[in-house]
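Undergrad: Residue strings, one per chain:
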Amino acid sequence: QKEVEQDPGPLSVPEGAIVSLNCTYSNSAFQYFMWYRQYSRKGPELLMYTYSSGNKEDGRFTAQVDKSSKYISLFIRDSQPSDSATYLCALSNYQLIWGAGTKLIIKP
Amino acid sequence: SQTIHQWPATLVQPVGSPLSLECTVEGTSNPNLYWYRQAAGRGLQLLFYSVGIGQISSEVPQNLSASRPQDRQFILSSKKLLLSDSGFYLCAWSVMLRPGSYEQYFGPGTRLTVT
Numbered sequence: 005q006k007e008v009e010q011d012p013g014p015l016s017v018p019e020g021a022i023v024s025l026n027c028t029y030s031n032s033a034f035q036y037f038m039w040y041r042q043y044s045r046k047g048p049e050l051l052m053y054t055y056s057s058g059n060k061e062d063g064r065f066t067a068q069v070d071k072s073s074k075y076i077s078l079f080i081r082d083s084q085p086s087d088s089a090t091y092l093c094a095l096s097n098y099q100l101i102w103g104a105g106t107k108l109i110i111k112p
Numbered sequence: 240s241q242t243i244h245q246w247p248a249t250l251v252q253p254v255g256s257p258l259s260l261e262c263t264v265e266g267t268s269n270p271n272l273y274w275y276r277q278a279a280g281r282g283l284q285l286l287f288y289s290v291g292i293g294q295i296s297s298e299v300p301q302n303l304s305a306s307r308p309q310d311r312q313f314i315l316s317s318k319k320l321l322l323s324d325s326g327f328y329l330c331a332w333s334v335m336l337r338p339g340s341y342e343q344y345f346g347p348g349t350r351l352t353v354t
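Those sequence lines, one after another, are chains A and B.
Its first residue numbered 5, the first sequence is counted upward by one per residue in my numbering.
Its first residue numbered 240, the second sequence is counted upward by one per residue in my numbering.
None of these hints come from the bench; they were simulated from the model.
Incorrect hints may appear among the rest.
Claimed, not checked - Taking CB as the label site, the calculated pair distances span:
id	chain 1	residue 1	chain 2	residue 2	range
1	A	Pro-14	B	Leu-322	25 to 31 Å
2	A	Tyr-75	B	Ser-296	27 to 33 Å
3	A	Glu-61	B	Gln-241	24 to 30 Å
4	A	Arg-64	B	Thr-249	31 to 37 Å
5	A	Leu-15	B	Ala-278	16 to 22 Å
6	B	Trp-246	A	Glu-49	18 to 24 Å
7	A	Glu-19	B	Thr-249	29 to 35 Å
8	A	Pro-14	B	Val-299	23 to 29 Å
9	B	Thr-267	A	Tyr-43	22 to 28 Å
10	B	Gln-294	A	Ser-44	31 to 37 Å
11	B	Gly-280	A	Lys-111	17 to 23 Å
12	B	Gly-339	A	Tyr-75	18 to 24 Å
13	B	Ala-279	A	Glu-61	29 to 35 Å
Unchecked claim - Residues from chain A shown here face chain B by an in silico Cβ test under 10 Å; the list is partial:
id	residue
14	Glu-49
15	Ala-94
16	Trp-102
17	Ala-104
18	Lys-107
Note that CB positions come from ideal geometry on N, CA and C, so glycine has one too.
Kindly generate the complete structure, drawing on both the sequences and the hints.
TA: Structure (structure tokens):
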């Protein structure tokens, strides 16, 4: 079993929809949970991170961690075509463990 | 502010040729540095990381090597490229959030095609 599981997609939704991206993990020792966005042919950029359980909001983006279920989510409200990218989760505990990334397509 | 540079941006090399990719970081000292490879449509594979000059840890045994000749310089090399070395190579540096937890910042990447 992989330490982090993430559906590679692609996930295609219409503009304005609420998007939900998710990762599951197996190691309960992870403390920091991060989401990166990667545009085609670019390096990943850190969107936001959450420490332990709970929610964190930044504009249209909300990161949610449920440590009891070992499940993390990234929600995007009012999705825009410019949100089309690959979203990678990364979990930190002495090293970063990466999900495979979910390709998101927002259709105008 | 910190900046990370990688070059070249793209590279096409024949099988059996050598490789040298360079990464430099500005605006920080003694960073942890990383080399990743990302195959098309795949996640990030950690290749090497370094906690200081001359200190290199290899995560995956393969046809590649890394060196850190200066505090903010990280080099990825190969003596003879294989077709399987094709991919998107990313350099990153990290910031410690708390002991044992880090966030990473990435360079623009080098797209390598071995023909």
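Undergrad: Broken hints, numbered, in rising order?
TA: none
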